[in-house]
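> Letter by letter, the chains look like this.
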Amino acid sequence: MVINSRFFNRSELLGFLALAVLLLVILPLSLDIFRLNLVAKYLTYAFVGIGLVLCWGYGGILSLGQGVFFGLGGYCMAMYLKLEASSVANTKIQSTPGIPDFMDWNQITQLPLFWKPFHSFPVTVLAILLVPAFFALIIGAAMFKRRVGGVYFAIITQAIAAILTILIVGQQGYTGGINGITDLRTLHGWDIRTDHAKFILYFVEVVLLFGCIVAAQFIRLTKLGRILVAMREQEDRVRFSGYSVANFKIFAFCAAAVFAAIGGAMFTLEVGFMSPSFVGIVPSIEMVIYTAVGGRMSIFGAVWGALLVNFAKTSLSESFPQLWLFGLGALFIAVVLAFPNGLSGIWADHIQPRIDRLFASRKSKSAAGLVADGAPAE
Amino acid sequence: MSDETKPGLKSPLRRKLLMGMAALPAVSMLGRPAFADVPATSAVNTTGLAVTDSEVTVGILHSVTGTMAISETGSVEAEKLAIEQINAAGGVLGRKIKFIQEDGASDWPTFAEKAKKLLVNDKCAAVMGCWTSASRKAVLPVFEQYNGMLYYPTFYEGLEQSKNVIYTGQEATQQIIAGLDWVNKTKGAKSFYLLGSDYIWPRTSNKIARKHIENHLQGCKVVGEEYFPLGSTQFNSVINKIKLTKPDVIYAIIVGGSNVAFYKQLKAAGIDLSKQTLLTISVTEDEIDGIGGENIAGAYACMKYFQSLDNQNNKAFVPAFKKMWGEKTVIGDVTQAAYLGPWLWKLTVEKAGSFDIDKIAAASPGVEFKGAPEGYVRIHENHHLWSKTRVGRAKADGQYELIYETADLVEPDPFPKGYQ
Chain A
5 MVINSRFFNR
15 SELLGFLALA
25 VLLLVILPLS
35 LDIFRLNLVA
45 KYLTYAFVGI
55 GLVLCWGYGG
65 ILSLGQGVFF
75 GLGGYCMAMY
85 LKLEASSVAN
95 TKIQSTPGIP
105 DFMDWNQITQ
115 LPLFWKPFHS
125 FPVTVLAILL
135 VPAFFALIIG
145 AAMFKRRVGG
155 VYFAIITQAI
165 AAILTILIVG
175 QQGYTGGING
185 ITDLRTLHGW
195 DIRTDHAKFI
205 LYFVEVVLLF
215 GCIVAAQFIR
225 LTKLGRILVA
235 MREQEDRVRF
245 SGYSVANFKI
255 FAFCAAAVFA
265 AIGGAMFTLE
275 VGFMSPSFVG
285 IVPSIEMVIY
295 TAVGGRMSIF
305 GAVWGALLVN
315 FAKTSLSESF
325 PQLWLFGLGA
335 LFIAVVLAFP
345 NGLSGIWADH
355 IQPRIDRLFA
365 SRKSKSAAGL
375 VADGAPAE
Chain B
1157 MSDETKPGLK
1167 SPLRRKLLMG
1177 MAALPAVSML
1187 GRPAFADVPA
1197 TSAVNTTGLA
1207 VTDSEVTVGI
1217 LHSVTGTMAI
1227 SETGSVEAEK
1237 LAIEQINAAG
1247 GVLGRKIKFI
1257 QEDGASDWPT
1267 FAEKAKKLLV
1277 NDKCAAVMGC
1287 WTSASRKAVL
1297 PVFEQYNGML
1307 YYPTFYEGLE
1317 QSKNVIYTGQ
1327 EATQQIIAGL
1337 DWVNKTKGAK
1347 SFYLLGSDYI
1357 WPRTSNKIAR
1367 KHIENHLQGC
1377 KVVGEEYFPL
1387 GSTQFNSVIN
1397 KIKLTKPDVI
1407 YAIIVGGSNV
1417 AFYKQLKAAG
1427 IDLSKQTLLT
1437 ISVTEDEIDG
1447 IGGENIAGAY
1457 ACMKYFQSLD
1467 NQNNKAFVPA
1477 FKKMWGEKTV
1487 IGDVTQAAYL
1497 GPWLWKLTVE
1507 KAGSFDIDKI
1517 AAASPGVEFK
1527 GAPEGYVRIH
1537 ENHHLWSKTR
1547 VGRAKADGQY
1557 ELIYETADLV
1567 EPDPFPKGYQ
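Chains as they are written, first to last, in our numbering: chain A, 5 to 382; chain B, 1157 to 1576.
It is worth saying that the hints were derived from the structure and are not from the lab. Warning: the hint list may mix true and false statements.
[To be verified] Dumping the calculated BS3-like pairs for lysine-lysine here, alpha-carbon to alpha-carbon at most 25 Å: (1) B/1479 with B/1236; (2) B/1236 with A/96; (3) B/1367 with A/96; (4) A/96 with B/1319; (5) A/96 with B/1479; (6) A/202 with B/1279.
[To be verified] To be clear about the criterion: a stretch of chain B counts as covered by chain A if any three or more of its residues have a C-beta under 8 Å from a C-beta of chain A, and this derived list gives those stretches: (7) 1241–1252; (8) 1272–1284; (9) 1355–1365.
This structure is a prediction, so every number in the text was calculated from the model and none was measured. Where is the CB? At the ideal position from N, CA and C, for every residue including glycine.
Chain A with its partners taken away, still in its complex shape:
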């Protein structure tokens, strides 16, 4: 019990420190800015992964539509940046200066109402957090109150991802259509395209990521986290015990949505544009795959999964432009077949016990003379 009441147990603390050293020291020192920016792009998926660990790994709610929230966060940020890039001076050649270029191409002559709030940065930040949360709340309330769950929920989230993509593509005058919102330049007057800015953005993102890890860990350790696990294992018993299962599910789903949205907003900043290709079914499933490869029960696993799968994606496609998809596919099949708990499962089953044994044997040697102080020999 002593160990459980601590915020991180020993192996989690090690995991946290290892990740911190890797992301804050090793990678920035060893990679050039181009590769570091790629890592930053990979890490945006880690935000989604952490959300999925909470909602899928702990809560048992498989969402195949996290791209929706990733996209909403990303689009909110992109709208702000686009408005800043579309100043009257920058858009002189348009028939209506001062509005985003794609609106001008679609014969729109006035900025639509729902774009107007995105002139303000604080409102944008709020929107990044609240719009996806509100959207998740509506979906969650509509589904969970009616006790729609499991496979049906997964299918519905997928349908929502498809619908949102079609909506964005179809309304190109308002959303940029299939091209997305491109050519983003400055954030509050600060040029985000320079190497220096990319370097700073990377650290901002890593700090945010650790914030999300701590928040997720906090949710996991409270009573709430235990109810989530209980719900996953025996939903009816939790309900009979007097808990409102639907509300807990809605909460987990909303939390996952907010994490995904933060990732999406950071993605827009790191990559410099947003397009409907992150909203649809395929990217949403890819995000689930990152989490599955990393291990859906482990917050750190999700981060490692996002990093490693995307790293594999980049390096395979650089070396074998025509064959890389097969290699990646084989990798997924291998992981799912051989290690259902993903990388963190491999770690917990094969590597962790050895480390523990190493520690235990040293301890027993040094403490041979002392009476065992009741420390559990796990």
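Chain A is already provided as a structure; the job is to place chain B on it using the hints.
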């Protein structure tokens, strides 16, 4: 595409020999390379591009996986052919071209990532690539930021001009206006029904077409305009409307796989393309491969290049392409435009006497390529190409028969006044 369609891949030596021979007519037309001995690398490369005394690196960035692979494969093949031919003819400023190929995977952010890799990591002296407007929009900021040079092959909607891009395809007005004039004059067409897939290129093109029909053609009108989501396969309701309104011309800008459904359903509905005039700007020989020649025979297409063009350059180009990539391959408008990329770059570099991007950008206007399979092209001040507009009629064997071509080169005008 299966392997057996590409027997040429199996014997690289033979391929190289044939390539060299195929390039001869083009080379003899270009005259001897201006630089007899190789200029020093330090003189021709002052900005740290990947240029050595014997080699220069360029990038090829297209989708070879994903939904766009079927369209972009032709461009990759044409670019590789051009590079081989240039190398066989002595390279660029005495340096052989080495290419690094990256896969955009039909995914716009991947295009941006790979473009950055090609420019920042590999220091490519030029990049041939992109196909869809979306992928070009995704890489454009990268090319402008890191000062690269992109040769973009696809006909597209215009409304863009960049120091860092050479557009070797047609912008919208080059493809639309001459075709509409022709159909109005020779067919006496007065009413038009505009169709398109729902994204920027068909919408912008139809906007230009509508303005031209309503403002510049005497007594002509648009009787309908409709758009379909990408990948849509249901055209029955619009076909019924077409039957009802009986337009003189169906003006179709439907792209990709939707074409197959559209032309088959048109045929099934009893609309005979030998009687009903249909003009498209989106179906090249590549698309007919999927649609089936018998389903589209009789339709007119407005392009700048058809595989069947009867000129000396094309007579050398088509066999060379087929030798390298297989007898069954077809060559569409974009494939030809992609072939122009490496050649135009080579000619520009030799005109500038330097690989530096700024010097190439400045030297580009006025560069002419007399060996172009489409005939003769020249780069305009706005980095687009002067080229002819042609109308062809689809035959059952999947080829186009040339019906009409403009007498002169058509000026590219990416920001057309009065059409916006």
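> Each hint needs a verdict: does it hold in this structure or not?
Right, here's what the structure says about each hint:
1. B/1479 with B/1236: holds, 13 Å
2. B/1236 with A/96: It is violated: about 40 Å lies between the C-alpha atoms, which goes past 25 Å.
3. B/1367 with A/96: holds, 23 Å
4. A/96 with B/1319: holds, 18 Å
5. A/96 with B/1479: violated, 50 Å
6. A/202 with B/1279: holds, 20 Å
7. 1241–1252: violated (count 0)
8. 1272–1284: holds (count 4)
9. 1355–1365: holds (count 5)
When the structure is compared with the earlier hints, violations turn up for hints 2, 5 and 7 and for no others.
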